[in-house]
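Colleague: Each chain is listed here by its residues.
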Amino acid sequence: MYLDIDNYIKQYSGGEVLYSLRGDFDSSVINNIFDNIEEKMISLNEPYRLRKKVYNVLVESLQNLYHHVDNVPPDFCEGKFDKYGLILIQKEGECYRVITGNFVRSNHYKKLKDKLDKINHSSYEEIKELYKYILNHQRISVKGGGGLGLVDIAKKTASKLNYTFLKYDEDYLFYFLNVLVEENRDESKWDETNILEDNGADYNRRNL
Amino acid sequence: MEPIIIEGTSKTPSVKFDPNEGVFELKGRSIPENSVEFYKPLVEWLDKYQESPLEKTSVDINLEYFNTSSSKCLLDIFKKLENICRAKHDVVINWYYESDDEDMFEAGEDYESIVRVPFKMIEIAQ
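First to last, the protein sequences are chains R and Y. Under the working numbering, the first residue of the first sequence is numbered 837, with each subsequent residue one higher. Under the working numbering, the first residue of the second sequence is numbered 185, with each subsequent residue one higher.
One or more hints might be untrue.
Pairwise CB distance ranges (calculated) [what the hints assert, rightly or not]:
| id | chain 1 | residue 1 | chain 2 | residue 2 | range |
| --- | --- | --- | --- | --- | --- |
| 1 | Y | S297 | R | G915 | 41 to 51 angstroms |
| 2 | Y | K211 | R | K846 | 40 to 50 angstroms |
| 3 | Y | D231 | R | Y848 | 44 to 54 angstroms |
Simulated from the structure, these hints should not be mistaken for laboratory data. Remember, it's a predicted structure, so these values are computed and weren't measured experimentally. We put the CB at the ideal spot given by N, CA and C, even for glycine.
Input sequences plus hints: build the corresponding full structure.
Modeller: Okay, here's the thing in structure tokens:
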């Protein structure tokens, strides 16, 4: 089976790429990305508020990937990878775009999509209340995940979540989360956020 | 009880819990992947402290970042402080936030609304 990641990514070409990786993600890879991006943003003299927001989104996106990435399909890249993921961070004008991607088993698809849609179909005030509710009521998982990551990203960016699922085969999809981070949070724009939602569309496939 | 003193790292905060002074401090960044491993001993320590706390306990939370995994562990700590408060001992949580950090300010307000412990929001220059 093939997976055409490039076809998705090229929709967002034109920004200044700060970091891009496709491969196995473990703790040391993720820590390296945090340090790398923080240094780069400081060297670019980015405002403190923007650096902090990008860092927050990066932490939650990558730790989400770390906690929830499913094992890769057995026929993917001849078994070369174990916990395959993707990260792209790029500067677009005064904003930063953070795209993460990972495999998701088909039987996990509905639960994830429902979570994303619940966030996107809520008002911003409801998101703030949802955050507090999950914080106060949901138990932390054995892996350390708190169930708050996606809500936190939406809350801190005041933007609905852009996501896409690419169907790989009957058992796997590839899930992209695409977050645009601005320095200032404008809650009034929440309802105007342009959402790209996808329902596991069968994109053209090409070997990686 | 022995105090807890832990040096901060790039991913975990410095910790100073002094049972003789009733002053607790968490400072720095808290972004471990699994925060339970880091915070469990602190929560257990507070379990013991709450058996005979000082009349006044002051808790300084001065975090630059914390991930959502840590946010749950922080709530566990605050719930222990709530027990101390409920037993009619004075507790205050001093929540530090940088002057234009709306997210950190809001996080403090969120905890304040959930936990029955007095909060003091303290603005610091960036």
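Colleague: Decide, hint by hint, whether the structure agrees.
Modeller: Results of checking the hints against the structure:
1. S297(Y) with G915(R): 41 to 51 angstroms: holds, 50 angstroms
2. K211(Y) with K846(R): 40 to 50 angstroms: Check passed, 44 angstroms falls within 40 to 50 angstroms.
3. D231(Y) with Y848(R): 44 to 54 angstroms: holds, 49 angstroms
The earlier numbered hints are all upheld by this structure, with none contradicted.
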